[in-house]
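The numbering of the sequence shown is UniProt numbering, which starts it at 1 and goes up by one.
Please note that a few of the clues may not be correct.
Taking CB as the label site, the calculated pair distances span [what the hints assert, rightly or not]:
#	residue 1	residue 2	range
1	P317	P191	17 to 23 Å
2	E752	S677	43 to 49 Å
3	M515	K190	20 to 26 Å
4	E918	E752	41 to 47 Å
5	Q1007	G910	24 to 30 Å
6	D851	P1101	52 to 58 Å
7	R476	T693	57 to 63 Å
Straight line, CA to CA, 30 Å or less: simulated DSSO-like cross-link-like pairs of lysine-lysine [said to hold, decoys possible]:
#	residue 1	residue 2
8	K1044	K1173
9	K1145	K1071
10	K1088	K1173
11	K977	K1044
12	K1180	K1170
13	K474	K462
14	K319	K189
15	K1073	K977
16	K178	K190
17	K483	K581
18	K1044	K942
19	K204	K178
20	K792	K815
21	K498	K624
22	K462	K498
23	K335	K388
24	K1044	K1088
25	K285	K379
26	K709	K829
27	K236	K292
28	K1112	K1177
29	K190	K204
30	K663	K760
31	K1071	K1044
32	K379	K319
33	K487	K439
34	K942	K1178
35	K570	K379
36	K487	K624
37	K478	K379
38	K615	K483
39	K977	K867
40	K388	K236
It should be emphasised that the hints constitute simulated quantities derived from the structure, not laboratory data. Glycine is no exception: its CB is placed at the ideal position from the N, C-alpha and C atoms.
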Amino acid sequence: MDEEAMWKGFYEKIQEQKQKEPNEHQSITYSLPRLLNGGGLSGNKKFNLKFGTLRLTKSFRSLDRREKPITRRHSEREGSSAGAVRRASENPYSVGGSGASASGTIRPGRLPYHPFRGVRKEEIEQQASKIVHSMTIEELYEEILYENLHNIGCEDEELNLDVLFPYIQEAFKMSDEKHQEILQAARSKKPPEIRLNVEIVEAKDLEPKDSNGLSDPFVTMYIASNPNHRYNTSVKAATLNPVWEEHFSLPIAEEANDANLIVEVWDFDPAETVKEKMNKLFDVKGVRGLRKLMKEIALTASTGKHDNELIGRTSIPLKSIPASGMLMWYNLDKKNKVRRQGTLRIRLNFSSEKNSQVAAQEHRHLLRILLLHELESSKVAPYWWSGKFTIQGEAILTQHSAQSGLSSTTEAFIQWSVFTAIHHDHPLSFVLFDTLLEKLVTPIQTHAVSEEELRGFWEATKKLLPSCFTVIRKLRKKNTGDKTALKTLAGALNIIAKVALLEPPEGTDLFPVEMYRWIRRMDHTEPNWDIREALASAVVSGAEDFFHGIKESHFLQSGSDEDRLQNLIKIIQLVRSDMQKSNEFYDTTFQQIMHFAYTKELYISYELKLAELIKPTVENICRKLKRIELPDAGPIGGTNGGLIDYEDINMGTTLFELYLVLKRFCTLGTALCPDESNFAIDEYHRWFTIGVTHWLDIAVYKALIRIKKAIELDKLQPVDETVKYSSSAVDTLAIFYQIKIFWQQLAWPDVEGAYIFVAKIVDDICRCCVFYADQMSARVETLGEVESVYEKKFEVTQEWCLAINNIDYIRQSLKPFATELGVDDILSKLGDVQSNLEAERCKDTLRAVLDNAIDTEKNKILDLVEKLARKMAPAMRRFLVEGAELLQQDSNSLDRLMLYMEESLSVLNGELNEVNFERVLDAIWAELTTVLYDLIQSNLDKRRPPSFFANLRDTLHLMVANFKTAENRESETAADKETLAHIERLLQLHGYETTDLIHQYYLDRLQEQNRNDATALTYGVLTVQCFFRGNVLELEIVNARNLKPMDGNGLCDPFVRVHFLPEERFIGVAKPKTQCQSKTLFPLFDEKFVITFTPEQRAIPNALIMFSIKDKDLFGMSNQYLAECYLGFNDIADVSEDTGKIEQKHLVLTRPYRTDIDCLRALEFRQGDKQAKDFIKKLKQKMGQ
């Protein structure tokens, strides 16, 4: 029958099938109504018998059996092997030296018979498609039964026909009656023509057969029942470990499970002359090799023959070969040899002669039917089934693949097509698809597949990709950390990664717009197959969906500002939580598989959304913030110390929380995108500029409240034994450090703004310090008052000392605190963005603020110290008064004063640090001087006797000796040195008797005279020369110069009167007088006087000589006072022992002119003292002249 007639018969059969009415059996067969679309099995048992693109193997197989002659069948079976397959007729080597083919049926070079030879490929595919479309599920069912009836490969005892047929019947939904009918038809068919496909891969450790210790191996194989039909490999020269990798296809004429495959390895011996063999003598290895060579030479010389030598053989029962094939090492044995002759590696599998297109379609639909059946029966969860069939299903598929001769690549393409179709309705494990892609990527990349397979692959891939991207977009619907979800994600990404390695045919649109509306596109009309861009779009789309969801749930367009801020915080936290989860659980998977920064892509998507959402809300709320009016540093009346509650404080705090959440979000972005910038959200801090001042006001407001509370709760006890401050000081510093933490959390990026804000913080801290000092001072002000039956006094307590120490402790912490705020760093950065001059000005401003605060704190300490001293003043005054009045009597007032001072100073010294103790001492002495001044003044008014002031002076001396250190007493810089000296002088003066006080006046006049410059005065100079000789004073009044004119003629008539002071001690001593020199301003006296003193008079301390110059009146009745000068006894040389030196003394003449000196005031206070009154009177007369 020619080919045209054959295809014509096929066409007529198709038309007949189409027109034939369904018979009874056809009306009750089962269908797969959704099979082509990947659906499940239908419950309806009546359906159209035609399905899909199933290709009919049965027709081709029956056609081959009808049309091929027996001789042709043998020829085809022997010649169908391609590539590296060798036939026995083509082998140049014969076994056993026969030198000819065993079969002799095929001439070398003759092509084997093929039923479709001479027909174009397109016609074959077209005709096969027609037959396929006319095939029913019953025919496929019959084919599967037929293949299992003629099972090839080793059988599993548990998988006999009694097990497989019920499974097949259930999968195909066949009734028992129909099953028996079709089974009978399958049994009536002839057995299939089975081929054994053999690949001789390699051999190892072969036994050497040549004299050189090696062999020239080749392999020959045959079916045991047909030993004359042999297949040989090529010869591998001089090796014991040959590699062939040659393929053969052996027809199986009998029942395959009853046959054995014999494989033999031979050593090839070429035909050589004796001379050629003798040339191998130098290649001989060992005695054994030499003996073998000699034997070969002898045989060749005697007979001229050469024989191939068997190395070893193995027998392989075909029933031991599984239907899926196997690759195995076999031991080579030899008769009479116990030791193994080597090992041979062989790959074995079965196949039948089917049209590849038909076989592929059969397998495709069988696979779909069995998979749907197993999914339906096992109720497996979505994304769980990973390609593992039951043993029955696996056996049926393996048997069909083996008998159809499907390659592993073809089978993988079939599985890819079927699994992707079913995946749409029942998701399978992505690991299954990933495993399949591992097998398919290389063939596709190397173009080792047909156009139809490639087209089918991409069509199936288009069905699979949506579910992969859906997994990525819907990641958030899975429980974070769920191992199954992570496995599913990894599987989906692996699929996308492998698909990305492939380039689809031109014009392929993997991502049609109607299905992938979420993909970012530049051109909606062009086909899109950019998988990486699709992946990025899927990630962004999922993020946008998530953000839209949380925005709808939490963002309020209306409501209070507080609620809106809280909702914004929740949104950011949810977004940040999503990114942290993605970074922790998913990012590594994306990076490892796709080299895709998943979390970074999320950040880029989220940051713009957040900026658009948050910026207008924050700026609007900041503009509405009210300025908080903080109280002055000092306490103000009221229960809250002048502090007022503000309703918007909580809202301001929430605004700052939003700032911190945004800051943490941007910090995460910096870590994720270190090389990228210009994000919209990077300017987040500028949205809060108005609010920062408000936050700082809130911070200082809360700080003031907490400071006040800390002082109220302070028990004024040392924190521990090692320190001298109490809890409120520690709490206050902790409050300051909370402000520092706030500033560190703020971390304002803009250096100019940072300077403004840090300057305000420093100023606010200074305000808090002053507030603390005022509050602490007020806290201890009422402490220490002690009242008894006898007296009421103030006692210095530990609380006062701790209050002073606390304020000082806070003061000392100001500069370190400013440093910790990072002021220096800000000023340094400020120099980079502004001029050095401007930066220096800012630095000076901050330094001035700090210095002013420190000085203010110091003043607050001094104020508290002075307050302490004022508290002590009443007791000190009382004790001083009592002591002054009763010092010389039996009174303990001075003792009580000393005890009071000692107790007070003891407490102060024990509780205060050294600096503060010195401050307190200075304050006490300052207060003591005030008390003494007041006592002096008030008791002068009371006309107290000099003894009172003398007693006060003695008390002062005693207190100085006991309560002032030697260093302080001797220090020229002591704060109270001049004050105490003045008090000392006042007490001294008022403690003098009148005579002594008058003499003190003259002593002061002597000091004044010594300070005057003779050239600057108008009263002139008196020159004298005097000396002592024992108790005798020899006095010479020499002259006077530049006297003041007293007469109308511009001259005067001067004379000198000598007085010895104090006059009361020199009674009876003559008062020398010079002669009058008339009409001259430069009188020359040159008069000598000798005055004798008693030893007591000579020894009078501070004795003086007063020279009084007068102008003699014309009548001698009223001499006018001109001037006077003084000379102390101590300034006169004593020449009694020739130790003194006689010198002229030029004494400056002066007149008394001041009445505001201490001595005169003291005399004026003695209004009832006649001596004092007379002295004042005479003195004023001198001044009047």
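Status of the hints after comparison with the structure:
1. P317 - P191: 17 to 23 Å: Hint holds: Cβ distance 19 Å, inside 17 to 23 Å.
2. E752 - S677: 43 to 49 Å: violated, 20 Å
3. M515 - K190: 20 to 26 Å: Given range 20 to 26 Å: violated, Cβ gap about 50 Å.
4. E918 - E752: 41 to 47 Å: With a Cβ separation near 44 Å, E918 and E752 satisfy 41 to 47 Å, so the hint holds.
5. Q1007 - G910: 24 to 30 Å: violated, 45 Å
6. D851 - P1101: 52 to 58 Å: holds, 53 Å
7. R476 - T693: 57 to 63 Å: Violated, since R476 and T693 (Cβ atoms, about 40 Å apart) do not stay within the stated range.
8. K1044 - K1173: holds, 29 Å
9. K1145 - K1071: Given pair K1145, K1071 holds - Cα atoms ~20 Å apart, limit 30 Å.
10. K1088 - K1173: Distance ~35 Å between K1088 and K1173 Cα, so the pair is violated.
11. K977 - K1044: violated, 41 Å
12. K1180 - K1170: Given that 30 Å is the threshold and the Cα spacing comes to 15 Å, the pair holds.
13. K474 - K462: holds, 19 Å
14. K319 - K189: holds, 22 Å
15. K1073 - K977: Given pair K1073, K977 is violated - Cα atoms ~45 Å apart, limit 30 Å.
16. K178 - K190: At roughly 21 Å apart (the allowed maximum being 30 Å), K190 and K178 satisfy the hint.
17. K483 - K581: holds, 14 Å
18. K1044 - K942: Outside the cut-off at roughly 43 Å; violated.
19. K204 - K178: Violated - the C-alpha atoms of K178 and K204 are around 54 Å apart, more than 30 Å.
20. K792 - K815: At roughly 43 Å apart (the allowed maximum being 30 Å), K815 and K792 break the hint.
21. K498 - K624: violated, 56 Å
22. K462 - K498: Roughly 14 Å separates the two Cα atoms, so the pair holds.
23. K335 - K388: violated, 45 Å
24. K1044 - K1088: holds, 24 Å
25. K285 - K379: violated, 69 Å
26. K709 - K829: With a Cα-Cα distance of about 38 Å, the restraint between K709 and K829 is violated, given a limit of 30 Å.
27. K236 - K292: holds, 20 Å
28. K1112 - K1177: holds, 22 Å
29. K190 - K204: violated, 42 Å
30. K663 - K760: Judged against 30 Å, a Cα distance of about 22 Å means the pair holds.
31. K1071 - K1044: Measuring from Cα to Cα gives roughly 24 Å; hence the hint holds.
32. K379 - K319: violated, 35 Å
33. K487 - K439: holds, 20 Å
34. K942 - K1178: Satisfied, since the Cα-Cα distance of roughly 26 Å is no more than 30 Å.
35. K570 - K379: violated, 41 Å
36. K487 - K624: violated, 51 Å
37. K478 - K379: Holds. K478 to K379 sits at ~21 Å (cutoff 30 Å).
38. K615 - K483: violated, 39 Å
39. K977 - K867: With Cα atoms ~21 Å apart, K977 and K867 stay inside 30 Å; holds.
40. K388 - K236: violated, 42 Å
Against the hints set out earlier in the document, violations occur for numbers 2, 3, 5, 7, 10, 11, 15, 18, 19, 20, 21, 23, 25, 26, 29, 32, 35, 36, 38 and 40.
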